[in-house]
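Undergrad: Sequence:
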Amino acid sequence: MPTHLKPDPTSPGKKGAVEAKPAAQEINWSDFRDHLGTADREGRRQWIYPRKVIGRFFRWRTWFSWLLLAIMFAGPFITLRGNPLLLMNIVERKFVVFGQIFWPQDMIIFAIAVLVFVVSVLVFTTAFGRLWCGWACPQTVMMEMVFRKLEYLIEGDAHQQRALDQAPWTAPKIFKKISKHGLFYALSFLVGNVLLSYIIGWQQLYQIITDPPAQHVTGLSFMIAFSLLFYGIFARFREQACTFICPYGRMQSLLLDENSIVVAYDHTRGENRAPIKREQVFAERWQTGHGDCIACNHCVSVCPTGIDIRNGTQMECVHCTACMDACDNVMTKIGAPRGLIRYASLNGIERREPLRFTPRLAIYSVVLTVLVSLFAVLVFSRSDVEATLLRAPGSLFQQMPDGHFSNLYTVKVVNKTSRDVPVELRLENPAGNLQVMGTGNIIVPSQKLAEYSVLIELEPAAMKSGATPLFIGVYSHGKRLQNLKTSFLGPRN
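Residues 85 to 577, numbered by our numbering, are exactly what the sequence shown covers, in order.
FYI, nobody ran anything at the bench for these hints, they're computed from the structure.
Check the hints yourself; a few may be wrong.
Calculated pairs, SDA-like style, for lysine to any residue (alpha carbon to alpha carbon, straight line, at most 20 Å) [what the hints assert, rightly or not]:
hint	residue 1	residue 2
1	K178	Y282
2	K496	S560
3	K136	S149
4	K261	R135
5	K178	I283
6	K532	T494
7	K532	Q189
8	K261	L312
9	K233	R135
10	K264	D249
11	K548	N513
12	K496	E535
13	K548	P514
14	K136	D249
15	K496	L473
Model the full assembly from the supplied sequences, consistent with the hints where possible.
TA: And the structure:
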């Protein structure tokens, strides 16, 4: 028996330290489930009534959730360099991240960002399991820290909710149900509009709200659809979004190993389970072959996905720490050390090994470092203006009266910033004349695409037979932003 699990001989109510526990009996496998915790054996859904959670981890999660909720609701109104903090305008194919605008021309950056995200998930899950799901996932934060608390406030704790649902329809029950679902829909409407503002911007959302509905039928339809979607998720679908829809749980079997930190039940300390007798001294349980688990099932009653963590790491477990708090409270009451259910690895429980930096984790970390470095280079070397130069469709070279030859091109310039940008095109090589048709200066409006016709003339002496390589510089305020390469067509010698 590890020394840190031996009962303390100086603790009140204990007769002395116990050196070893008799050999554990064979595990009763009939206690392990063979179906989803949220469904019965016929596949019908079983409604989950998790008990209120009280404990240090829940308190820390609550504080962290307040921070995340504050960021979410304030995000659309925060601007950096005149741009929103975050905007995902799929309709206009415009994306703003930390005040920097990205367009379809930045697809390579987007692709690298997706790879960084995927590898980050691999690294984080391999090391810390589903810590994200329990602490920062929007589904968990909104469900457990907002909607669930409202439900407790209106309908009471788990046993009161179960009794209310089973009771006949009376005036008090109707009032509670209408109050709860009315608040749920109002919150869903608020959340849906906040998330919609991350797509279209809060200014446009404000116009949809204040203008007559007939002027924004599409926007109003999206507002209603978003509200109904979130209401359905938080009022009815609930934990099934994690157990059926989210693929993250199913990825665990591929990502976790014996050294991953997960919410785990210490079976070496807890088995064999048995209720504790009222007058029994806790230290005496080890002499009779019983472990610290007193089979109170508090860890099951608080689980929001309806599983028994004592059955091991499971797909539905979102690492919300509710079972840890419930078990710690029971251990404190019976005078046993806390941590029977805790953050630990399989090797940490069975072999008492600390977390190791495994070769797989090292490989993932190296790949992530390379991708992050590449992403940083692409972002910081990204130009505010991107131009493309193409030959005008159907055009051929022309010979001018002075003997020079000319080619007609089309230049497209994208301004990725929120300010107007003056652009100048210079023919770098070979020597010749470049003229933007119809205008003297190119001024590209903010967040717009400008298109111009460009006429380039070369002397016959500067030309090669057939096609001559051209190098054109794109400048703004005297600074070169981009180099363009094309070819100039002429007669063959």
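Undergrad: Can you name, in rising order, the numbers of the hints this structure does not satisfy?
TA: Hint check: nothing fails, all pass.
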